[in-house]
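K.L.:
Residue numbers (our numbering), protein chains in the order written: chain A, 1 to 312; chain B, 1 to 412.
Each hint should be verified, as a subset may be incorrect.
What the hints assert, rightly or not - Capping the alpha-carbon separation at 20 Å, the derived lysine to aspartate or glutamate pairs in EDC-like fashion look like this:
| no. | chain 1 | residue 1 | chain 2 | residue 2 |
| --- | --- | --- | --- | --- |
| 1 | B | Lys203 | B | Asp302 |
| 2 | B | Lys200 | A | Asp173 |
| 3 | B | Lys401 | A | Glu157 |
| 4 | B | Lys259 | A | Asp263 |
| 5 | B | Lys217 | A | Asp173 |
| 6 | B | Lys198 | A | Glu157 |
| 7 | B | Lys200 | A | Glu157 |
| 8 | B | Lys217 | A | Glu157 |
| 9 | B | Lys200 | B | Glu182 |
| 10 | B | Lys275 | A | Glu157 |
| 11 | B | Lys217 | A | Asp263 |
Unchecked claim - Covered stretches of chain B (in silico footprint by chain A; criterion: 3 or more residues with CB under 8 Å from a CB of chain A, positions within the stretch not fixed):
| no. | region |
| --- | --- |
| 12 | 70-76 |
| 13 | 118-125 |
| 14 | 259-269 |
| 15 | 348-362 |
If you are wondering where the hints come from, they were derived from the structure by calculation, not from laboratory data. Nothing here was measured: the structure is a model prediction, and the numbers come from that model. Ideal placement from N, C-alpha and C gives every residue a C-beta, glycine not left out.
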Amino acid sequence: MTATATRGQKKHATEDLRSEEEIAAEKRKGRVGLYLIIPGMAFLALFFAAPVLVLLSMSLYAKPPGAEIGEFVPALQFSNYTTVIAAYWEVFLRSFVFAFIATVAALLIGYPMAYLVAVRLRGRQLMQGILLVLLIAPFFSSFILRTQAWKQILSDEGPVVTVLRAIAILPPDGHLTATAFAVVCGLTYNFLPFMMLPIYANLDRLDTSLLEASGDLYASPIKTFFKVTLPLSMPGVFAGTLLTFIPAAGDYVNASLLGNNRDTAMIGQIIDSRFFKVVDYPGASALSFILMILILALVLIYIKRFGTKELF
Amino acid sequence: MSNQIRRELPRDPEVRALILQAQGLHLSRRKLLAGAGGLGLAGLLAACGTGGGGGGGATATTAAVTDISATDKNVFWANWTLYLDYDDKTKQYPTLQEFTKRTGIEAHYVEDIDGNDTYYGKVQGQLAAGQDIGQDIITLTDWMAGRVIRQGYTQKLDHANIPNIKNLLPALQKVDFDPGRENSLTWQSGYAGIAWNKAKYPKGLRTVSDLWNPDLKGRITVLDEMRDTIGLLMLDDGVDIASAWGDAEFTKATDMLTKQINDGQIRQVKGNSYKEDFISGDAIAGIVWSGDIVQMNFENDDQWEFVIPEAGCTLWSDNMMVPIASPRKTNAEKLMNFYYEPDIAAQVAAYVNFISPVHGAKEAMEKIDPSLVSNPLIFPSDTDLAKAHVFRSLNADEETKYNSQFQTAIGA
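The following block holds chain A by itself, in its conformation from the complex:
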């Protein structure tokens, strides 16, 4: 509070010292800035706002009696929303639970890896380079093919299931594909780089002399991690969790390839089937819109609760 007050005072003081010309130049700069954001705003308006508006209006369309398949008329049918919520609230819940578990798992796996590359290997550029390439390498191949590969790896006749059965972790007739476990694993795997890279970018800038200072003050390595490293890397963790959670919640590839038809459906699959199979455009639009609002709400709560100023 006091800091901002002094900063404000200082600003006033400097403003008084500036000449008219300087102030005019400042204003011009402001205008140029405005012009510069026009293309960006136009792009957003065209490719974000317009589709969202179309989505919103479509979600309220109604099906006239005796209509052909795919025939809907403009209306304000708010019951589209209550209908899909009643039918699919469980799927929404499941999608968020799956995305949450995947995000936590990706954090637990991704943080140590990012720490290793960014802090422990600092100065060893070759090793860092190799590991970073390995982290990014999965992006070079298709998302779907990688998920498909997991199906083969986890298949009943595959090595993983055979071993797990042999050591009695899985019952003899147990399987991994077509289970919720496989879906969450797929989500974790596929979005891991999105978790790791922001954390890496953050830890890369970590001032290691702070860790030494902490050690000099008799903090154990564990305490140093929780009192120094982790708090300083929170912006990276924050960005990583958002980048993982948001796409994971809306994902449908993992659930459709690795899931079953009983208890693993995610909302993306439902939107796909409402849109293409049932040809219920308003229902699919309503579901998409609800998903967007829910994610937005969850993210806002998250930002309010844990958000760091440096990020926003």
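Got chain A sorted already, so can you dock chain B onto it with the hints?
P.N.:
For chain B alone, kept in the frame of chain A given last:
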């Protein structure tokens, strides 16, 4: 698609660009929309456009299209994957080359259709607006063909340009979705039946109910095509799927499906990708398409056996149609006529392994591959055909209702 175009047009990029331009801009626009359609956006925007235009709805606005076939020697054909004879060595479709040689018409073949629903979702908006979708022939399964014909999205065929239509098998001449075959012509047909891995399940299957044996728990896949999976379940219940059944029969079948899914008997409900589960061993048995099993057996040492269940199987066909606003209908008809020559049909059948709709293809096959002549899945016997049933046509309300019910049953 790009491969195809590149192959058939001159190598010189400038000449190629000119030719593409001359062919009209529809090509790039179509690709663009197809790409966006993957995100469901094009369809949505298009669908909105339709509704917004005063509630015109799904029925196409008919516009007079001038046929430019006489001057424009091209034909664009959208089909499913692995559905036309292909030479791996030359990377060409031999029968299409033959067609071009005979008629001078360049055929641009694309494997654009990977599902009836997704393809419909992609192009419905444009068809409803009476726009050219850049294809002169689209190939869709019976029920979807019925839907697009009913909605007025296709052009009437001029049978005078297709004299070979006389070779169409009698069983396929009178279909309820297109009486007199005025708008469509069969491309290939096939069965949905049951199959199992012979080594892992030596006792085999005879009926759909055999799939529910406890020793197959969690090793069954069924198709996500409602008419095939529910059709087989209804046949197993003794329902004649071609005649007027109602909600009770349908619900009984979906209840059975839900039960088997919830009990863990059915591992997954899948489209074309069920083949991978068969090959990986995750699935030992299931409801499958006949031609797939022929192809899989060819590539994987004859591991599976397909049978028509005792209660009967479903018979489906994919149908060639000329979409509304296609300006090359005559070229499209010439292509259809070409594929109804028995020799050509036999060449296709030897590659795709589905049932050929062309009378005389069996005799022509003797010269190409005598071993296939006796394959009942390519040239079915009369007793097999007697056990094959076509799922009756549904009206718009029924289709929405049953689709929704089926999607809910399979948890999607």
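K.L.:
Hint by hint, note whether the structure agrees.
P.N.:
How the hints compare with the structure:
Proposed proximity of B:Lys203 and B:Asp302 is supported: the alpha carbons are some 16 Å apart, at most 20 Å. Distance restraint check for B:Lys200 and A:Asp173: the Cα-Cα separation of roughly 14 Å lies within the 20 Å cut-off, and the hinted pair is therefore satisfied. At roughly 39 Å between alpha-carbon atoms, B:Lys401 and A:Glu157 are farther apart than 20 Å, so this suggested pair is violated. A distance of roughly 13 Å separates the Cα atoms of B:Lys259 and A:Asp263; the hinted pair therefore holds under the 20 Å criterion.
Distance hint between B:Lys217 and A:Asp173 is fulfilled; the C-alpha atoms sit about 9 Å from each other, no more than 20 Å. As the CA atoms of B:Lys198 and A:Glu157 are separated by approximately 16 Å, the hinted pair is consistent with the 20 Å bound. With a CA separation close to 12 Å, the supplied pair B:Lys200 and A:Glu157 stays within the 20 Å bound. At roughly 15 Å between alpha-carbon atoms, B:Lys217 and A:Glu157 fall within 20 Å of each other, so this suggested pair holds.
For the suggested pair B:Lys200 and B:Glu182, the alpha carbons sit about 47 Å apart, so the restraint of at most 20 Å is broken. For the hint linking B:Lys275 to A:Glu157, the alpha-carbon distance of about 15 Å falls within 20 Å, and the restraint holds. Between B:Lys217 and A:Asp263 the alpha-carbon distance is near 17 Å, which keeps this suggested pair within the 20 Å criterion. Coverage of the region 70-76 of chain B by chain A is violated. Counting CB-CB distances below 8 Å, 0 residues qualify, and the rule asks for three or more.
Counting residues of the region 118-125 of chain B whose C-beta sits closer than 8 Å to any C-beta of chain A gives 4, which meets the bar of three, so the coverage hint holds. Figure legend: the region 259-269 of chain B, annotated as covered by chain A; annotation consistent (7 residues with Cβ-Cβ distances under 8 Å, at least 3 required). Look at the region 348-362 of chain B against chain A: 0 of its residues bring a Cβ nearer than 8 Å to a Cβ of that chain, fewer than three, so the hint is violated.
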